[in-house]
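Line order of the protein sequences matches chains A and B. Each residue of the first sequence is one higher than the last, beginning at -16 in the working numbering. Each residue of the second sequence is one higher than the last, beginning at 25 in the working numbering.
Don't read these hints as lab results, they were simulated from the structure. Idealized CB from N, CA, C, for every residue including glycine. Honestly, I wouldn't trust all of these hints.
[Stated by the list, open to error] The calculated DSS-like cross-link candidates involving lysine-lysine, where the alpha carbons are at most 25 Å apart (straight line), are:
| hint | chain 1 | residue 1 | chain 2 | residue 2 |
| --- | --- | --- | --- | --- |
| 1 | A | LYS171 | B | LYS90 |
| 2 | B | LYS27 | A | LYS174 |
| 3 | A | LYS96 | A | LYS158 |
| 4 | A | LYS171 | B | LYS42 |
| 5 | B | LYS51 | A | LYS174 |
| 6 | B | LYS50 | A | LYS174 |
| 7 | A | LYS174 | B | LYS42 |
[To be verified] Distance ranges between label pairs, derived from CB positions:
| hint | chain 1 | residue 1 | chain 2 | residue 2 | range |
| --- | --- | --- | --- | --- | --- |
| 8 | B | GLU61 | A | GLN176 | 22 to 32 Å |
| 9 | B | SER54 | A | THR139 | 43 to 53 Å |
| 10 | A | ALA172 | B | ARG128 | 18 to 28 Å |
| 11 | B | SER54 | A | HIS41 | 37 to 47 Å |
| 12 | B | ASP120 | A | PRO61 | 15 to 25 Å |
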Amino acid sequence: MKNQGYEAWTSRLKFFNGEFGFGPLKRILNEDGRLHCDNGPAYISPTRIIWYKNGQQHGMDADKFGSILYYYEGVRIPPHFFTKPETVLLEEVLRNPNTEVRYVGMKVIGLEKIMALPTTKIIHKDVDQFGRERILFEIPRVFTEPTLYVKVVNSTAEPDGTFKNYFLCVPPNMKTCLEAVAWTNYMKADKYQPSQES
Amino acid sequence: MKKFQSRQGDIFFKTVAKPKDLKEMKKHESRILAFGEVTGHSHAIRTGPEVESYINVKGDIYLFSKEETVVGHDEHSDIRLPANSWVCVTRQREYDPLSAERERKVAD
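If we strip away everything but chain A, and leave its shape as in the complex, we get (with noise of 0.2 Å):
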């Protein structure tokens, strides 16, 4: 037999969704105002369906079909990221297009645990002219063949003083981090030369 208050239920849903905001319940900032929270889930939006008739309130709270996003210093990242970051695979922080969820991923794995890890292969180590240290590495199984990485260090201190690390993929052909940087730039490494970085 049909379940007729769940068909009605779910059609009310399809019906309003879309004309309602779905106002926030839950949305944790840090100091610096960024969303960001360390024992859960920094935004949280429930579903909400309520509606007036003859004077009379109809409707439902529920958080099935909310939202429940986690963020690290204003970054959405990956649900496992904060709930099982023992499952966070290397490969798959790397293989993310957002640098600034590569960022987090890394941060979660841990970048000495991937310096040393035996498959990690460093082509190419330096400091640049502002005094940063870059590393040019390549990691076995991200893409079907080995991949090259360089990693730079943010030139923009965040607030708590510390500098953030960005993991650029770039061609296998590759030899040193000032090449590596520059190609990033459209630019040659003997034509590079930023006065100013931030």
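Using the hints, position chain B against chain A.
Same frame as chain A, but now just chain B:
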């Protein structure tokens, strides 16, 4: 032409000669040069309205101003672009073994 190179996050600025294909480019009406998908922050022109701005099919932006132009961002220090120079603004790229072009623009 005064040689100038500068970087603000994933955006690179360098002075270039006046582009020969300027007529084939579109006017870039927005003051936003690039937008971060995950962070919601943008690289944007913060000085007055007297900035000529064009964008080509690859998404590279060419700027010209008679005055110094300031580009700001919520999480990076301002970059000051030289006056009376054409400046090419490119978004950093990275290698992408899965795409036909073997590269893509960096996303943040």
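Task: Hints violated by the structure (listed by number, smallest first) - done: When the structure is compared with the hints, numbers 1, 5, 6, 9 turn out to be violated.
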